[in-house]
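2 protein chains.
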Amino acid sequence: MDSVKVGVVGCGTVGSGVVKILLENGRLIKERTGKEIELTLVADRNVERVRKLGVPEELIVDDGFAVVESDVDIVVELVGGTTVAKDIVRKALENGKHVVSANKALFASFGEELFSIAAKNGVSIRFEASVGGGIPVVKALNEGLIANKVEKILGIINGTANFILTEMTERGISFEEALEVAKEMGYAEANPSLDVDGIDAAHKIAILASIAYGGWITIDDVYVKGIREITPLDVDFAHEFGYKIKLLAVAKPDDGKVEVRVHPAMLPEGHILSSVDGVFNACLIEGDFVGPTLYYGMGAGQKPTASAVVADVADIACGRGSSVPVSLLGRGARIPVKRPGEFVSSFYLRFTAVDKPGVLAKISSILGKFNISIKMALQKSIEFNGGVPVVMTTHEAAFETVKEAIAEIDELDVIVKPTFLCMIEE
Amino acid sequence: MDSVKVGVVGCGTVGSGVVKILLENGRLIKERTGKEIELTLVADRNVERVRKLGVPEELIVDDGFAVVESDVDIVVELVGGTTVAKDIVRKALENGKHVVSANKALFASFGEELFSIAAKNGVSIRFEASVGGGIPVVKALNEGLIANKVEKILGIINGTANFILTEMTERGISFEEALEVAKEMGYAEANPSLDVDGIDAAHKIAILASIAYGGWITIDDVYVKGIREITPLDVDFAHEFGYKIKLLAVAKPDDGKVEVRVHPAMLPEGHILSSVDGVFNACLIEGDFVGPTLYYGMGAGQKPTASAVVADVADIACGRGSSVPVSLLGRGARIPVKRPGEFVSSFYLRFTAVDKPGVLAKISSILGKFNISIKMALQKSIEFNGGVPVVMTTHEAAFETVKEAIAEIDELDVIVKPTFLCMIEE
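Going down the list, the sequences are from chains B and S. For the first sequence, the numbering used here begins at 329 and goes up steadily by one. For the second sequence, the numbering used here begins at 329 and goes up steadily by one.
No wet-lab data here; the hints were simulated from the structure. One thing to keep in mind: the hints can contain errors.
Heads up, the list lumps identical chains together, so a pair's fine if it works in one copy or across two of them.
[Claimed, not checked] Below, computed lysine-lysine pairings styled on DSSO-like, alpha-carbon distance capped at 27 Å:
1) K358 with K448
2) K708 with K690
3) K348 with K480
4) K684 with K745
5) K363 with K480
6) K414 with K348
7) K333 with K477
8) K580 with K358
9) K477 with K358
10) K333 with K363
11) K684 with K697
12) K358 with K480
13) K684 with K731
14) K580 with K348
15) K333 with K414
16) K348 with K585
17) K480 with K553
Based on the provided sequences and hints, a complete structural model is requested.
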């Protein structure tokens, strides 16, 4: 096709960005692709904000389904969420429209259903903007690294959480204080749960893992833990041990299963991901032939996200449709996922104990009983949560075993607060 | 097509890697793409080394042109150089074969001719492996960032030079010593000129700039300077000023022209490219919408390079043909390139002077006359090349002016050796 008709459903932050790119760089895109990308319809309940972007009146509608029922070739879904958005996408696919979407929650929950509808109707879904904002990491994984077994994915894929942890690290402030800064700067929403509780990152790693391992992994398959429990003390101890704390998304295959998790993790300070600070995102993908590769950039925001959306539109216009593994286009492509208890890692443990002799002995004797071997231990005589902090790092141990040991340790009368634990990614 | 016939011409390091991937991961690639990639012919003058890879006898030929004249769909050219390789590629295209190649020299010299032949014959050329080894940076630029005006490309795209500079920085050794280490480790060839004189990096940035700006930029358009003149002293001074020295490839548009250059540059130590060490490559691409993005990985070596070659083959098998700007498919797409004299930069200058009072005054008075403003100056009483080093950093100035000033300074009788200069990339 020499021209494609595009309809945008949802003209909030990202939708406005898409309209802006098409207006500003539309000619450049045509020079590069030889294709005319015609913005044919823009739907938003708030038609006023569409008008303000300079979209001609006749292209504006207030109902997303009007776009889906029109003669557009591509529907760009930027409504968000998994209710109306799902109906829009499903209906678009059934009507033979290609779909471009930035909706991570949608594909991490209903990918299997939607991609099989797309395949049945001979149309494509592209979703670059759903992970890593403007960074073409979905394309890298689907296409650029296609010749590789994916040995590991490590991602810093939530800019808000990364900003908060960077602020905590650089300024020594608490989680709550850093969250306030993030809100003031527009990086965190009034309800920051999706970001700080790891859910957004879990959606994204579910999508990347699905591509890498060729079966649908949903949000329910991902072990998720957020960053609320991290204290400035943990940041300091991490530094003393040579680590930085990051909200890490991990996917890796092991023994016929896939391990998919999102949680705060300690990374060696010299690790390339440790230098990814502020709202930046980065994804480290290791392949058996290519080795480690890294993709870095703005993981959110109007312009970067719109850049990825329009790249998807251009791909479809140029005949480069869906590039997910074909196994994801049918029903029933699932892969076994590890239970959290099966994870093996080294750990950072922070106990809060009474300031009396013999505490370290009691803790380490229980760890010894569970065969958990201690690498480093540090006790500081500073008041913390009504006790003193005792921190340890361990050699590799099963998560299950560590949790059992901690449950027993937390029963000790010398322990005054539940123990905090954090995986270490070497 | 459900299966594609692939012929490999040239079975050296990379060619062997391609054969290995297809043997080891062929099934995985088929599961992902739904396409059978059939290795149909492998040509090498040394048929013995092809046999050793386990390629069946009936697929082996000793003449690359036999592949080009066969019924393969895709010719993978891994001969290298610009003579036989060019004939192979041209003939393949004329015979209606798609071409995949890792040959940076070829496209940086004859891109215009070859891509126009491809377009005329309705076939594609893909060349991911020509830049950045296994890193899918060509794809990112051609496809992932297509919606962006490219504001700047900064690349560390020669692993050998980067390894040498990293050794010099970390171990305080000389260029010659570091080159020896690189040779011992197999990172540098017996004749290292292509790498250490910047020519390889110049080929690569010519290709990236051609894509980014939509007109063919050849190796002759690139200002090139290598790393031979850098001394441990420069590395130390750089560190004192807060910089690291890297062989940097730069492309950026300015005032209707494109500036394309490869040379040692000082980068702030906190710059993300400063942490790219050893044989790793990285490319920072800034777009007007996406902002800064970075692509990092192994820039050379059998397995990473083969990973990129096979990704290109898979792309073509999946119907994702050429994705360069369409302006590169015709004849005459050229863009004006800046003369080196027009470059504007801040500079590091290292003078070698006699150890007498008044030297600094003489140097700075000439710089002042040329309106070059000094930012920092440092003189050390250490013996160096028969004098003492006097180093300065300047504010922004035109390269032309700086060279004129240096020519005049080098005439001073207090100056005992030609002055070394290095651009600073802030």
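Checked hints:
no., hint, result
1, K358 with K448, "between (30 Å within a copy, 20 Å between copies)"
2, K708 with K690, "within (17 Å within a copy, 59 Å between copies)"
3, K348 with K480, "between (36 Å within a copy, 21 Å between copies)"
4, K684 with K745, "within (15 Å within a copy, 70 Å between copies)"
5, K363 with K480, "between (37 Å within a copy, 25 Å between copies)"
6, K414 with K348, "within (25 Å within a copy, 43 Å between copies)"
7, K333 with K477, "between (37 Å within a copy, 22 Å between copies)"
8, K580 with K358, "between (40 Å within a copy, 21 Å between copies)"
9, K477 with K358, "between (36 Å within a copy, 13 Å between copies)"
10, K333 with K363, "within (11 Å within a copy, 30 Å between copies)"
11, K684 with K697, "within (22 Å within a copy, 74 Å between copies)"
12, K358 with K480, "between (37 Å within a copy, 21 Å between copies)"
13, K684 with K731, "within (24 Å within a copy, 71 Å between copies)"
14, K580 with K348, "between (38 Å within a copy, 23 Å between copies)"
15, K333 with K414, "within (21 Å within a copy, 40 Å between copies)"
16, K348 with K585, "between (43 Å within a copy, 26 Å between copies)"
17, K480 with K553, "within (19 Å within a copy, 38 Å between copies)"
Every hint from the earlier list agrees with this structure, and none is contradicted.
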